[in-house]
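Novice: With the sequences and hints as input, model every part of the structure.
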Amino acid sequence: MKNLLQLKGIVKEFPGVRALDYVDMNVAEGEIHALVGENGAGKSTLMNILSGVYPHGTYEGEVIYDGEVCRFATIRDSEKKGIVIIHQELALVPYMTIAENMFLGNERGSAFNLDWNETYAKAGEYLKMVGLKESSHTLIKDIGVGKQQLTEIAKALAKNVRLLILDEPTASLNENDSQKLLEMLLQFKSQGMTSILISHKLSEVSQVADRITVLRDGRTIETLTKGTDDLSEERIIKGMVGREMTSRYPARTPHVGEVLLEVRSWTVHHELYEERKVCENVNISVRRGEVVGISGLMGSGRTELGMSIFGKSYGQNIQGTLLLNGQEVHLNSVREAINNKLAYATEDRKGNGLVLTEAIRINTTLANLSKVSCMKHLDMDLERRVAQEFREKLRVKCSSVEQPVGNLSGGNQQKVLLSKWMFTEPDVLILDEPSRGIDVGAKYEIYKIINDLVAEGKAVLMISSEMPEILGMCDRIYVMCEGRVVAELPREEASQEAIMACILKAS
Amino acid sequence: MKKALEILKKNPMLIALVFVMLFFHIWIVMTGRGSLFAPRNITNLISQNGYVIILATGMLLCILTGGNIDLSVGSMVCLVAALGATLIVKWNNNFLGIQGNVYTSIALCLLLGILLGAIQAYWIAYVRIPAFIVTLAGMLAYRGLALILLNAQTISPMPAEFTGYFGSFLPGASSAGSRLQISLITGAIICAVVVAVQLYSRVSKIRKNYDVENVRWMWARLVVICAVIIGSFYSFGKDRGIPVVLILLGVVVLTYYYYTAKTVPGRYLYAMGGNEKAAKLSGINTNGVLFFAYANMGFLAAVAALVCMARFNSAFPTLGQSYELDAIGACFIGGASAYGGIGTVGGTLIGTVFMGVLNNGMSILGINANWQQVVKGAVLLTAVVFDVLSKKRKGGA
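Those protein sequences? They're chains A and B, same order as listed. Using our numbering, read the first sequence as starting at 1 and increasing by one per residue. Using our numbering, read the second sequence as starting at 1 and increasing by one per residue.
Derived from the structure by calculation, the hints contain no laboratory data. Keep in mind that this is a model prediction, so the values were computed, not measured. Watch out, some of these pointers could steer you wrong.
Here are the simulated DSSO-like pairs of lysine-lysine, each with C-alpha atoms no more than 30 Å apart in a straight line [as the list claims (entries may be wrong)]:
#1 B:Lys277 <-> A:Lys397
#2 B:Lys277 <-> A:Lys393
#3 A:Lys376 <-> B:Lys205
#4 A:Lys159 <-> A:Lys189
Specialist: Here it is, written out as structure tokens:
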């Protein structure tokens, strides 16, 4: 069969990290090609290159589509060729109708005279093709997420798509809707359309894919073909995680003490949709001197759990018992949580963690200003000394502590965020994705800091999407899936296969 | 020379202010209309802009919380002044049957300001209605209440016992010679305090082993500051004496400078404006911070109202109209960020004086009032564009 798409030797670098390292991939005309890999393996980056989100020139290698080398500068260029990507986060405007969304950026009629009759008529046709029984006049906000996903697909069809890329299309769908969507993909295939499916749900992948390309750490590991290779979930997992474990994690001998943090029957409801439970009946504990990991896919409720423990900074209608040092506590605000020696370092350091316009000094002390002030009067000299100490201890690379944190690299920002929470002198630190988006060297330093913290007798609860990191750092691992803790694995029993198996079994 | 460029880069508005002052001065002298730096004009500049400085200081706090503005300040000024004038002039300091004096009336005015601010602050901070909408509503409603209270008429004149506190000059009745003497002595004392504070901070820094600036630069700066102070007080002495309102302005500016730059709640203002989510997750009561900023705006609007009543010797229905725009403009010219988290009291002061000199200079030159507006608009836009572009080039956040 003829290749519709060839990716040859794609290299993409971000500051300090090589996201793609000579990736090759061939997609044949008329097939469903699955792309699998862990979080951070480079799947989305690769698709962003293919669709022109990262323009030509920002990466190395060749994109050959339909026999010619392509140099997409924008998404529009790739869409003109019939390559359409549907992102995991749906790009629909809530207060517009289905039809308006479907032709957004691809309007019917002329620029100064939109043809609404044609818009709504055409929209109706495409809706029929995807089997969505809704009026094209319905507002997007009024239909469920499954139907929104179908709208996205109809939108792609309206662009005369030849190569459809779906990034985790079923992540937010229930079983029934997922099956419908997969059947539709098979139907499109029979009509000659080519699609690339990115998915964590390996059962779906083995169900519909003709070929599977496995990415790991930005490299192509293998391509499995239906008929010749074994496409079972176990086989795919092996390809995804079969990594050599070198000493990417500093050694530590655990000295585990008494229980510092315990959470019993913890249930949290979604911040906006009260009926939706983001954490359900969670029971976890963390001991002194212990690093405990929480593993799970994105959206499994890990961050929500961490934030709800931290002074109810997320969610509503939170039920359950929280014990610190064996004492039951009710933490109703972040301030109370900090005063009870709890700290939470966010996964989103730019959005939720740091004031980017302010200096390192100001960020370092922000959560504990009472320690550098007297009767509300700030002692700036003391503050500078504190920031200076942390800068040296954590080896933050900067010109001075007066430098705005917005100008620092990701790794150094993360260190400032850690400084800020270490300065509150917590007993228990909840670290949410402590090494997200930082390079390998800085990761190692962060891990060393974590080891030092537990050596001092603190307890660390580490939330991470990177399984090797969880396995390399943690003494005990909780696996979360859809808001519940589905497994607790001691270090000895934990492996990537075991964690994946727990998640797959539960979902 | 390099250092001089650095100072220029750090304080572009201050340099611009000096240039604008010199520009107007030369133009005024050349057209034979006196001098921008004439003693009477210096005093005028202060009494014309006193209320703007007070309002802009409060507005800065609102802008810092996240680029929000308070549109109702003009109406708050009018309503407070209406109450004040009614109380003092019409009711003879008798409030609801309780006989007070001018002090209780002033206190009532301040209380009313805090109340007006707090009402808006509640909706903004705890219900999270956009400040723009809440204060737009306040702008309409408070103006209406003021008109009702004034019965759409002017109340005047204010008694001397009131104007004495906000609109008079020190020392009161004395000969021109002793007035100049006392003025100069006061100026000298202030200079001495400024120098002492600078020296003390330098010494304490050296003792704790911190970096200090070049000693020559410190003295150069002190000489310039002292020259400005002595010059101003010389002008006061030559004219009618030290304006009482200057003391009030000094207290307001210093208090809020200290509050924003050196205190914990001040730091919270900047943190909230820089990244509200991060502030919240650092244990900061962001609702409380927001409430304070807007309630405080009401308080400062009341202070400004007292100053205005004394200056105009009356309360009238159009009092305070478009004052909010003067205050907002001064903040942005002074380098505050429209997104919040950036801006200083010092910058706002410079912004206010800049606008004041512009107004004053153009009036002396007899430029058509309509054109004055055009120039002010252009200056405001230029200042903000300049600010945004200079930050972009630096590549900062």
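Novice: Hints first: check each against the structure and report whether it holds.
Specialist: We went through each hint and held it up to the structure:
no., hint, in the structure
1, B:Lys277 <-> A:Lys397, "holds (25 Å)"
2, B:Lys277 <-> A:Lys393, "holds (27 Å)"
3, A:Lys376 <-> B:Lys205, "holds (21 Å)"
4, A:Lys159 <-> A:Lys189, "holds (17 Å)"
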